[in-house]
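Spelled out, the chains give:
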Amino acid sequence: MSEDINELFMRDPFKYSQQDLDEIIKYMRQWRKEFLAGNKTSRGRTTKKGKAQKEILSLAKDLDLEL
Amino acid sequence: MKLAADTKKAFDNGYQIAWDSTSIETLQTCPQKYYLSMVRGIKPKLQSPHLLFGGLFAEAIENYYKLRFSGKSSEDALRQVVWDALKNSFNREKGIPKAFMHNAKTRLGLIRSIIWYFEEYGDEIETPLHVYKLQNGLPAVELSFTIEHNDILFCGHLDRVMEDDTALYIMDQKTTGATLGLHYFRQFDTSNQMTLYILAGKILFDMPIAAAIIDAAQIAVNFTRFQRGVTMRSDTRIISWLADIEELIDRSRTYTANGKWPHNWSACGNYGGCPFRSLCTAEPKLRERIIEAEFEEHHWDPLEAR
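Line order of the protein sequences matches chains A and B.
Numbered according to the numbering used here, the first sequence spans residues 1 to 67.
Numbered according to the numbering used here, the second sequence spans residues 68 to 373.
It is worth saying that the hints were derived from the structure and are not from the lab.
One should not assume that every hint holds.
Claimed, not checked - Here are the simulated DSBU-like pairs of lysine-lysine, each with C-alpha atoms no more than 35 Å apart in a straight line:
#1 B:269 x B:76
#2 B:133 x B:269
#3 B:327 x B:76
#4 B:112 x B:76
#5 B:165 x A:15
#6 B:133 x A:15
#7 A:15 x B:112
#8 A:33 x B:200
#9 B:241 x A:15
#10 A:26 x B:139
#11 A:33 x B:154
#12 A:26 x A:61
#13 B:112 x B:165
#14 A:15 x B:110
#15 B:241 x A:33
#16 B:76 x B:110
#17 A:15 x B:139
#18 A:26 x B:154
#19 B:154 x B:200
#20 A:26 x B:241
#21 B:139 x B:269
#22 B:110 x B:154
#23 A:15 x B:161
#24 B:76 x A:33
#25 B:154 x B:165
#26 B:139 x B:154
#27 B:133 x A:26
#28 A:33 x B:165
#29 A:26 x B:165
#30 B:241 x B:133
#31 B:241 x B:165
#32 A:15 x B:76
#33 B:200 x A:26
#34 A:26 x B:269
#35 A:33 x B:139
To be verified - Computed Cβ-Cβ distance ranges for the label pairs, DEER-style:
#36 B:122 x A:15: 23 to 29 Å
#37 B:357 x A:55: 54 to 60 Å
#38 B:254 x A:23: 35 to 41 Å
Treat the numbers as computed from the prediction; the structure is a model and nothing was measured.
The beta-carbon is built from N, C-alpha and C at its ideal position, and this holds for glycine as well.
When you get a sec, could you build the whole thing from the sequences and use the hints?
Structure, rendered in structure tokens:
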């Protein structure tokens, strides 16, 4: 998990702004995109992308698709 | 000795008169477990992470549809239920998030699962299979029911009712660490809960109930996966189930009358281990001290609407 989102999760949610919530939702949606693209590892850790994942991401880029 | 059964609405003079699937399952598993949890009314002090996680997840899904039917946009509804889940999983007194005590069913996993759920299924209001709208205009979510059969009241809470062109479906939210697939969904073909819900649906609604849909989410450390399974019940099977449950309840009445609740020693390892194992394996003279140290009151009353 990234430092920012980790810090956000530790804070009192009763004091959240709408922006804080939108950031959490955006983070989780991006996480899902990466998961569907084949990255099953924990977010925030630097890992090597597998061959299949690289191929999917490359194809998506060539076809101008958003995963 | 003070018994919870003395104050619960579901009991009359010590006898349980209103039964939900939890009471039925507990009695079927072990009469002693049933006595301790329902009649004596105790549960372990340490809250089950599965109940905490599952409860908050189901509540978020249900509240989303209540907000959508009240006129909120899908984004506003999602933002609200995510915020509520974050607040409900935060210990404001201590100023820290609640500890879920589970490696996958965590607070992060909860919020991820809620958001990913709506990424997976979208807003099921105008889809071919959509949330059923009640006559009062409200969505059919979190519906408490009580139905009478002979001298028994059956009660429960339907998570959601869905509808397509031809029929209604009782949908029930489940969260699990297990891999979803045939093996996982097969358990629901004999589930007391699904039989009761389908029976309730057939009585409560004018449209036919085609099936129960198990809306399952596999909660892992780094992802949440979703899959839906279907289970059906014929009228013949329901009638057979009712006969079995009547016999089971008759036995509970004998236990109550005699004040004796036998143990089913072969069930102690089920469901990850019975929470009362430490009690049942202790010397009788130590049991009250163990109850005081490890257990607290269990406020489970099938007749109380959520």
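Hint by hint, here is what the structure shows:
1. As the CA atoms of residue 269 of chain B and residue 76 of chain B are separated by approximately 25 Å, the hinted pair is consistent with the 35 Å bound.
2. Between residue 133 of chain B and residue 269 of chain B, the direct Cα distance comes to roughly 23 Å. Compliance with the 35 Å bound is thereby established for this hinted pair.
3. Distance restraint check for residue 327 of chain B and residue 76 of chain B: the Cα-Cα separation of roughly 22 Å lies within the 35 Å cut-off, and the hinted pair is therefore satisfied.
4. With a CA separation close to 23 Å, the supplied pair residue 112 of chain B and residue 76 of chain B stays within the 35 Å bound.
5. Simply put, residue 165 of chain B and residue 15 of chain A have alpha-carbon atoms about 17 Å apart, close enough for the 35 Å limit, and the pair holds.
6. In summary, the hint linking residue 133 of chain B to residue 15 of chain A is supported, as the alpha carbons are separated by about 24 Å, within the 35 Å threshold.
7. For the hint pairing residue 15 of chain A with residue 112 of chain B, the CA-to-CA distance comes to about 30 Å; that is within 35 Å, so the pair holds.
8. Note on residue 33 of chain A and residue 200 of chain B: the hinted pairing holds, with a Cα-Cα distance of about 32 Å set against a maximum of 35 Å.
9. Taking the CA atoms of residue 241 of chain B and residue 15 of chain A, the gap is about 31 Å. The hint holds against a cut of 35 Å.
10. Restraint check: the Cα-Cα separation between residue 26 of chain A and residue 139 of chain B comes to about 19 Å, which is no more than 35 Å; the hinted pair holds.
11. For the hint linking residue 33 of chain A to residue 154 of chain B, the alpha-carbon distance of about 26 Å falls within 35 Å, and the restraint holds.
12. For the hint linking residue 26 of chain A to residue 61 of chain A, the alpha-carbon distance of about 21 Å falls within 35 Å, and the restraint holds.
13. Using a Cα cut-off of 35 Å, the hinted pair residue 112 of chain B and residue 165 of chain B holds, with the two alpha carbons roughly 15 Å apart.
14. Under the criterion of a C-alpha separation no larger than 35 Å, the hint pairing residue 15 of chain A with residue 110 of chain B is consistent with the structure, at around 34 Å.
15. Distance restraint check for residue 241 of chain B and residue 33 of chain A: the Cα-Cα separation of roughly 23 Å lies within the 35 Å cut-off, and the hinted pair is therefore satisfied.
16. At roughly 19 Å between alpha-carbon atoms, residue 76 of chain B and residue 110 of chain B fall within 35 Å of each other, so this suggested pair holds.
17. For the hint pairing residue 15 of chain A with residue 139 of chain B, the CA-to-CA distance comes to about 22 Å; that is within 35 Å, so the pair holds.
18. Between the alpha carbons of residue 26 of chain A and residue 154 of chain B the distance comes to roughly 19 Å, so the proposed pair stays at or under 35 Å and holds.
19. A hinted pair counts as satisfied when its Cα atoms are at most 35 Å apart, and residue 154 of chain B with residue 200 of chain B qualifies at roughly 29 Å.
20. For the hint linking residue 26 of chain A to residue 241 of chain B, the alpha-carbon distance of about 25 Å falls within 35 Å, and the restraint holds.
21. Of the pairs offered as hints, the one joining residue 139 of chain B and residue 269 of chain B holds, with about 31 Å between alpha carbons and a cut-off of 35 Å not exceeded.
22. With a C-alpha separation of about 25 Å, the suggested pairing of residue 110 of chain B with residue 154 of chain B holds against the 35 Å cut-off.
23. With a C-alpha separation of about 15 Å, the suggested pair residue 15 of chain A and residue 161 of chain B falls inside the 35 Å cut-off, and the hint holds.
24. Distance check on the hinted pair: residue 76 of chain B and residue 33 of chain A sit about 48 Å apart at the alpha-carbon level, beyond 35 Å; violated.
25. Restraint check for residue 154 of chain B and residue 165 of chain B: satisfied, since their Cα atoms lie roughly 10 Å apart, inside the 35 Å limit.
26. For the hint linking residue 139 of chain B to residue 154 of chain B, the alpha-carbon distance of about 20 Å falls within 35 Å, and the restraint holds.
27. Distance check on the hinted pair: residue 133 of chain B and residue 26 of chain A sit about 23 Å apart at the alpha-carbon level, within 35 Å; holds.
28. Distance check on the hinted pair: residue 33 of chain A and residue 165 of chain B sit about 28 Å apart at the alpha-carbon level, within 35 Å; holds.
29. For the suggested pair residue 26 of chain A and residue 165 of chain B, the alpha carbons sit about 23 Å apart, so the restraint of at most 35 Å is met.
30. Our distance criterion of 35 Å between C-alpha atoms is met by residue 241 of chain B and residue 133 of chain B, whose separation comes to about 19 Å.
31. Our distance criterion of 35 Å between C-alpha atoms is met by residue 241 of chain B and residue 165 of chain B, whose separation comes to about 21 Å.
32. Straight-line distance between C-alpha atoms of residue 15 of chain A and residue 76 of chain B comes to about 39 Å, which puts the hinted pair past the 35 Å bound.
33. Distance restraint check for residue 200 of chain B and residue 26 of chain A: the Cα-Cα separation of roughly 30 Å lies within the 35 Å cut-off, and the hinted pair is therefore satisfied.
34. A hinted pair counts as satisfied when its Cα atoms are at most 35 Å apart, and residue 26 of chain A with residue 269 of chain B does not qualify at roughly 41 Å.
35. At most 35 Å may separate the alpha-carbon atoms for a hinted pair to count; residue 33 of chain A and residue 139 of chain B meet this at roughly 26 Å.
36. Here the CB-CB span from residue 122 of chain B to residue 15 of chain A is close to 24 Å, well matched to the stated 23 to 29 Å.
37. Between residue 357 of chain B and residue 55 of chain A the beta carbons are some 58 Å apart, a value that agrees with the proposed interval 54 to 60 Å.
38. Evaluation of the 35 to 41 Å hint for residue 254 of chain B and residue 23 of chain A yields a pass: the beta carbon distance comes to about 39 Å.
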